[in-house]
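Once you've looked at the hints, dock chain L against the given chain Z.
Protein chains: 2
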Amino acid sequence: MFSCRLSKQVFQRSTSHLRLQKRTIATMTTTSSSRKYNVVNDPMIYIGTFIQSPRDDPRKLDICEKGAIGVSADGVIEFFEREMESYDSLIAKYPAYEDAPVLTLAPKGQFFFPGFIDTHIHAPQYPNAGVFGSSTLLDWLNKYTFPRESSLSSLSTARTIYSRCVARTLSHGTTTAAYYATIHVPATNLLADICSSAGQRAFVGRVCMDHKEINPDYYRDESAEESLKNTCACIDHIKSIDPNYELVSPIITPRFAPSCTAEALEKLGKLAKETNLPCQTHISENRNEIQLVKKLFPEHDSYAEVYDAFGLLNPKMILGHAIHLSNKEMELIRSRDAKVSHCPASNSALTSGGARVRWLLDSGITVGLGTDVSGGYSPSMLEAVRSTALVSRHVAMTDGEECKLSVEEALYLGTRGGAKVVNLEDKIGGFEVGMEWDAQLIGLTVVENAENGKEEFEGDDVVDKIAFEGAKGAGPVDFFGWESWDDRVAKWVYNGDDRNTLSVWVKGRMVWSRM
Amino acid sequence: MFSCRLSKQVFQRSTSHLRLQKRTIATMTTTSSSRKYNVVNDPMIYIGTFIQSPRDDPRKLDICEKGAIGVSADGVIEFFEREMESYDSLIAKYPAYEDAPVLTLAPKGQFFFPGFIDTHIHAPQYPNAGVFGSSTLLDWLNKYTFPRESSLSSLSTARTIYSRCVARTLSHGTTTAAYYATIHVPATNLLADICSSAGQRAFVGRVCMDHKEINPDYYRDESAEESLKNTCACIDHIKSIDPNYELVSPIITPRFAPSCTAEALEKLGKLAKETNLPCQTHISENRNEIQLVKKLFPEHDSYAEVYDAFGLLNPKMILGHAIHLSNKEMELIRSRDAKVSHCPASNSALTSGGARVRWLLDSGITVGLGTDVSGGYSPSMLEAVRSTALVSRHVAMTDGEECKLSVEEALYLGTRGGAKVVNLEDKIGGFEVGMEWDAQLIGLTVVENAENGKEEFEGDDVVDKIAFEGAKGAGPVDFFGWESWDDRVAKWVYNGDDRNTLSVWVKGRMVWSRM
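Sequence order for the protein chains is Z and L. Residues 1 to 515 (UniProt numbering) are what the first sequence spells out, left to right. Residues 1 to 515 (UniProt numbering) are what the second sequence spells out, left to right.
The reader is advised that the hints may include incorrect statements.
Because identical chains cannot be distinguished in the list, a pair is counted as satisfied if it fits within a single copy or across any two copies.
Using 30 Å as the maximum straight-line C-alpha spacing, the simulated DSS-like pairs for lysine-lysine come out as follows [as the list claims (entries may be wrong)]:
1. Lys465 / Lys36
2. Lys472 / Lys108
3. Lys316 / Lys93
4. Lys143 / Lys108
5. Lys143 / Lys60
6. Lys108 / Lys229
7. Lys404 / Lys143
8. Lys404 / Lys229
9. Lys239 / Lys465
10. Lys273 / Lys143
11. Lys472 / Lys36
12. Lys427 / Lys472
13. Lys404 / Lys295
14. Lys404 / Lys93
These are computed hints drawn from the structure, not numbers from a lab.
Chain Z extracted, bound-state conformation (with noise of 0.2 Å):
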């Protein structure tokens, strides 16, 4: 199988290397069976191909060939050398690594990319991806999303799906989620006891959705002093979890805008200014959304005025969606400094439109992505990358050229723009020394073939069948030799999944992996 036949190629070090990676992970494990959030880890060496964003050119790639990074206990880069000569010369300008294991990269088809910021996922809605017929927002909120939420009052059931969902969003190499939970306390609160125990770094947002005539009456809270009170229950759980949200943060959620009473707003806004955590809400998805909200708040003029009005539009506000806004409404958020979270594959999903993506950059706006799972049906960034780029271009289609993404684009705000929405851009999202090792091991498949080359094939010969049966489980991205870096990363975009990823780390923990 893949994985296997790759294990043997991307491991390139000693026995006693390997050895000491597997006490590493066992004593992370055994630290994180106490949830209190506190790991240590082995400091490490990563030789090979390191690819990413530059911090501030959203247009190329930073490609590294011949790059060592070496990352401390505590899972900071500590230093990334970008020519590197040799172990020895590395060894003797870091001392302290000497001990360290080492992990070399085969050199043709893999490399290191920073980890995936997913900055809008709906955690409770993971096994309805791909579930939603032919409904658009209101209506999907009500037949499918709704009554699966409200299932998670069951903590078993919780259980289940939340695992579940972390483990497939580190499979594709989500190392950060802005997760959305449901209403209810405990559910929640585990939800950020799985992240810390997996080792996901992650917002965890317990739901406010107070408003009597909009929400079920089997799925709201009862009141804006419940919406406030159980968000401060799962703030403190947290807090008890992860005292300094080192790993996991909570994050202030009313649903969105029509979902909570004015009072509610108005408490959970006076929350976010008095405790300075992070925000995640809606804005703009529908255009039906659009005219509710105008009917249920009359007095103030634009969907990001309300927002506005309850101290809501700050700039750890992370706005899901932000399709048909108004250029005074982009203006107010631009000014305020809020982020805006680009959910493309949701967007075509549900019909919602097309966010005009490029008019939000080119106004100083900054646009992380989202999965939006399960408004997105799937849980894979690189496929909301991949839907940037096609989105896009349908943009494009209507409102010119200028508006169409590149892989280079979409895979820098999967990553930079990301961590700049979540505030953690000097943290994660790229390699840089001081940040952290927030990274995912990219493979691809090489094509081997039939190496006899001859030119006429007799009976059995017509198919090369070392080319063919090399396509039996394999992952998806052939490559052929004759690829330049930028060929390699398009086509993990167009065609990679979880396959390519071979391992996921956070904070210098290595939380996934397939070999």
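Same frame as chain Z, now just chain L:
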């Protein structure tokens, strides 16, 4: 791993059946070692859930949960019992199948589905899948496509690429493909040989392109005579390996109007009339291309009329793309009963436009789907089905809700629709007595969970380790147990990939298996 775990569930039959199945495959391999197509299988019985599009209702799925299908030695469906009571009663009714091996599916996450029909794919471009940058059609041809295709002048290069392409398309459940090859006769013949040997039903077209001003010097036919002569050479070869075109058929392939002189189009049109062979070309993919046709063929009123003038607009013509057709062109195409291959992934990738499929269908035009590798980035027909649904939503955003295509409709286009496009609707695309067994076995991943169901967790217990670890090495579609068959199919369409295609049969022969 996924495939191993499933194998035990799937093949619920006696060891003797397993032996028999192996013998069948061995026989086939021996047979296929001769270049002449002549495959005889053992008769087989398939038991389980069969899902297909009804022949005349694209908006529904026909779901048969307790079905049994008997397939004869020559791959024809001899019986389809929709309410099987017991094996004994089945054999009492069909005693000829007493010794036939039986393949019985697991009841919940597995079903048989008709094989996909890819009505437009460029096999030599397979290595370029995903590599197109920000190009559009005409610059894409010169930058990426012609250089790649010209490399197939080497037969050993062609052998590797075509072997891999056929393996990959089979792995995605493509049981029939309408291939564009290159201008090279030996490589085109080799593609036919490979399809015949590997067992994929195929139309193989030697590409004609003789226009000196449009095609590059390094890659074109020298003259219209050469276009015709080399086309005939490939027809002769395919006739020699498959005299009745049982599996592999030639297809007359003028690349697209601009690449051919009027003389070449005329000769190929005549050849089509004389031989009654199928034809394929491109139409109205890109606005600049349409302008080019206007410039090159000023005496014709439209792109469609160019083909019509040379007798190429006929019931056996497959027209790729058809995005920007005028009403008049649409009516001409309908009156000639020419067919359309919709290639949504390609149309998004190359920013060609959003094809108005609902309009074509409502106008009475026959439509199938194509991957259009490598304008299309993926060799997966499931991706083409998914893109069909998603792209139709973008068309709906501008043209109205009624333009949306459902999962059911997209699957119809990928099977029944494609069968009509290649004029094989009485042979393939569905499960009916008298049709041939071109099928795929689809399997979803059943989510197992910790069964203790306790509502309080301590330490390690926060993660449901069974649900978490079960995601490792699993296929991409999670089946939780509550899903209706419609939900299961939707999950497969939106998140599935080749890992869900466990086995593939063409004309009764098993041609791909992950098990």
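Quick rundown of the hints versus the structure:
In this assembly of identical chains, the alpha carbons of Lys465 and Lys36 lie at most 30 Å apart only when taken from different copies (18 Å versus 53 Å within one copy). In this homomeric assembly, Lys472 and Lys108 come within 30 Å of each other (Cα to Cα) both inside a single copy, at 21 Å, and across copies, at 25 Å. With identical chains, the CA atoms of Lys316 and Lys93 are never at most 30 Å apart, being 40 Å at best within one copy and 70 Å at best between copies. Taking the closest pair of Cα atoms, Lys143 and Lys108 come within 30 Å of each other only across two copies (24 Å); inside a single copy the shortest separation is 48 Å, beyond that limit.
When the C-alpha separation of Lys143 and Lys60 is checked against a cutoff of 30 Å, the pair qualifies only between copies, where the shortest distance is 20 Å, while the shortest distance within a copy is 43 Å. Taking the shortest Cα distances, Lys108 and Lys229 never come within 30 Å of each other, neither inside one copy (54 Å) nor across copies (42 Å). Only between protomers do Lys404 and Lys143 lie at most 30 Å apart by alpha-carbon distance; the minimum there is 19 Å, versus 34 Å within a single protomer. Proximity of Lys404 and Lys229 under a CA criterion of 30 Å is satisfied in neither setting, with 45 Å inside one chain copy and 43 Å between copies.
In this assembly of identical chains, Lys239 and Lys465 lie within 30 Å of each other by CA distance solely across copies; the values are 24 Å between and 58 Å within a copy. When the C-alpha separation of Lys273 and Lys143 is checked against a cutoff of 30 Å, the pair qualifies neither within a copy, at 35 Å, nor between copies, at 54 Å. Taking identical chains as interchangeable, the C-alpha atoms of Lys472 and Lys36 lie at most 30 Å apart only when they sit on different chains, with a minimum of 26 Å there against 43 Å within one chain. For a Cα distance limit of 30 Å, the shortest separation of Lys427 from Lys472 across copies, 28 Å, qualifies, whereas the shortest one inside one copy, 39 Å, does not.
In this assembly of identical chains, the alpha carbons of Lys404 and Lys295 lie at most 30 Å apart only when taken from different copies (28 Å versus 35 Å within one copy). Taking the shortest Cα distances, Lys404 and Lys93 never come within 30 Å of each other, neither inside one copy (44 Å) nor across copies (61 Å).
Checked against the numbered hints listed earlier, the structure breaks hints 3, 6, 8, 10, 14; every other hint is satisfied.
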